[in-house]
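Can you build the whole structure from these sequences, using the hints too?
Protein chains in written order, with my numbering: chain F, 1 to 163; chain X, 1 to 332.
Accuracy of the hints is not assured; some may be wrong.
According to the in silico footprint, chain X covers these stretches of chain F (three or more CB under 8 Å from chain X) [to be verified]:
1) 14-22
2) 117-131
Label pairs and their calculated CB-CB ranges [unchecked claim]:
3) F:N22 / X:R70: 39 to 47 Å
4) F:N2 / X:A263: 57 to 65 Å
5) X:Q111 / F:L134: 43 to 51 Å
6) F:L134 / X:R266: 48 to 56 Å
7) X:S32 / F:D145: 22 to 30 Å
8) X:R299 / F:E36: 52 to 60 Å
9) X:S32 / F:Q27: 36 to 44 Å
10) X:D276 / F:E14: 39 to 47 Å
11) X:S32 / F:E36: 29 to 37 Å
12) X:T12 / F:N2: 49 to 57 Å
13) X:E5 / F:R110: 39 to 47 Å
Counterexamples of contact, computed for chain F against chain X with all Cβ distances above 10 Å [unchecked claim]:
14) I6
15) Q10
16) L25
17) L40
18) S86
19) R87
20) M106
21) A113
It should be emphasised that the hints constitute simulated quantities derived from the structure, not laboratory data. Just so it is clear, CB atoms sit at the ideal spot from N, CA and C, and this is done for glycine as well.
Residues per chain are reported as follows:
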Amino acid sequence: MNSQLIQDTQFLLEQYIAPQTNIQLQQETSPLPLDEMASLLHACQIPYVRKAVIMGCYYLLCLAVMRHRDVTVTDQGLGDAAAARSRLILDGDYVLGVYVQFAIAMKEVRLMAHLNSLYKKIQIDLIQGASAELVLAELPVRIIDYIRSEKPMRKGGDTDEAA
Amino acid sequence: MKLHERLHISLTEIDTALEQVVLTDLDLPHPSVISDGVLKLIRSGGKRLRPILVLIGGRFGVTAGKEDTRLKRDLLRSAVLMEYVHMASLVHDDIIDEADTRRGEPALHRQTDVRTAMHIADYMIARVMEWSSSNAIEDEQDPLEGLVALVAQLCLGEYGQMEQAYNFDQSIRQYLRKTRNKTAVLMAACLKAGAEVAGADDETIRLLYRIGDYLGMAFQIQDDILDYTQDERTLGKPAGSDLRSGNITLPVLYALERPALAAKIRSLTKTSSESDYAYAIAAILASPACAEAAALRDRYIDRAEQLIDRLAHYPAHHDLKVLLQQLAQRAA
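Below is the structure:
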């Protein structure tokens, strides 16, 4: 179940990633903590398509953070290492921009506004030396809180992936 | 007279608003490496061109020429957001370009380290998104958040620059595409954002976007020319820094059209000696390449001027002409 949602999310996001960036979502070297988010979304009574969209927002935020997390590995970069570092910085920035584009296009601006404060705190924690994995752990909880707090406005659509 | 003075814009007001974004962040200890870093960046100055463009764009709205406190506040919000996006991108650019200085001071990653500087820039984007959405009107979608999506397009310009490093076969068309993504898009978006906030009509917004685009193209070409024509003291970095880092700009592309020069330039690599670079840079400067680049810059200025004339019924069209003259033909 989780792998299907993750795959569908990747397919959705690939439409937003420009080919010249060479960002391959299927071949991520740094594993993203996607399983827990997928499990939590499965339990939510929202249409499957929306699960994929929300998963997409989460995916992009995680990817942006992890790309910049990996920069620390090549902090003293020279030559090829410097080029790799530059690419990681660009990738992280680009993915964050795509996150905003995606959230707007998919009408999840309120979710984005809900997550802005946490995303900022993540950056503060990272500067203070916290691990990326640790700071990202609160994101799924906050996203599910947001879904539960929504008024039942969206009607229609199927709520399970088999539909 | 300085640009902002000619345009009757208070830089102090802009700078105060920029500082308030970080100073009002209750999650941030003060002082801290983050707040100190951001405040240093703000206080190191800068032309504040992007905020100025937003404020000028705001002079083409429905209330043009009238005092409107709410409009003024909303324009300042857009101006601050755009400057934060710009400042954050400069921090990351300096790391990528391995620049030692910015505005004559050590670059942020030289004052701290690469990791800290990179995350401070990330914080700036995150904080300005939070600040912007917390200032939005309840239950209304905040149009400003979409402006952060511009970061993706700015990155496409940087990807292009990285991919084309030391590629002496790139075309002028490729250079122009990269320049548009890297610089012109943000400047065009600033004028457009100001006009939208002020409630300008669609045609005016469309014209202002195109004017901002041409202005941005002229601005970047001038920047690329100055990299050859100015001395190290004025630039705050060695002349010809673009070429030394493999960034093939318009003067180089025109110089490559001369066979005698082309061979020397094409022989340059990452590992070429300082004297090889110094010779190539001097040869480019002595050639007509910079004058040819200036001619293309002037074509963009002419196009912008033609569009500005179509807005002659707005008093603020004079402000656009001032901007155009002063920015595209600036000496530093």
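Would you say the C-beta atoms of R299 (chain X) and E36 (chain F) sit inside 52 to 60 Å of each other?
holds (56 Å)
Okay, the region 14-22 of chain F and chain X, do three or more residues pass the C-beta test at under 8 Å?
holds (count 3)
Return holds or violated for the Cβ distance of D276 (chain X) and E14 (chain F) against the range 39 to 47 Å.
holds (43 Å)
Cβ separation check - R87 (chain F) to all of chain X, threshold 10 Å:
violated (7 Å)
Please check whether S32 (chain X) and D145 (chain F) have a Cβ separation lying inside 22 to 30 Å.
holds (28 Å)
Under a C-beta cut-off of less than 8 Å, do 3 or more residues of the region 117-131 of chain F approach chain X closely enough to confirm the stated coverage?
Per the Cβ count (9), the hint holds.
Check the non-interface label on L40 (chain F): least C-beta distance to chain X beyond 10 Å or not.
holds (23 Å)
Consistency of beta-carbon spacing, R70 (chain X) to N22 (chain F), with hint 39 to 47 Å
holds (45 Å)
Separation of L25 (chain F) from chain X, once the least beta-carbon distance is taken, above 10 Å
holds (15 Å)
Does the Cβ-Cβ separation between S32 (chain X) and E36 (chain F) fall within 29 to 37 Å?
holds (31 Å)
Taking the minimum C-beta separation from M106 (chain F) to chain X, is that value above 10 Å?
The assertion about M106 (chain F) holds, with a minimum of 13 Å to chain X.
Consistency of beta-carbon spacing, L134 (chain F) to Q111 (chain X), with hint 43 to 51 Å:
violated (27 Å)
Hints 5, 18, 19, 21 from the list above are not met by this structure, while the remaining hints are.
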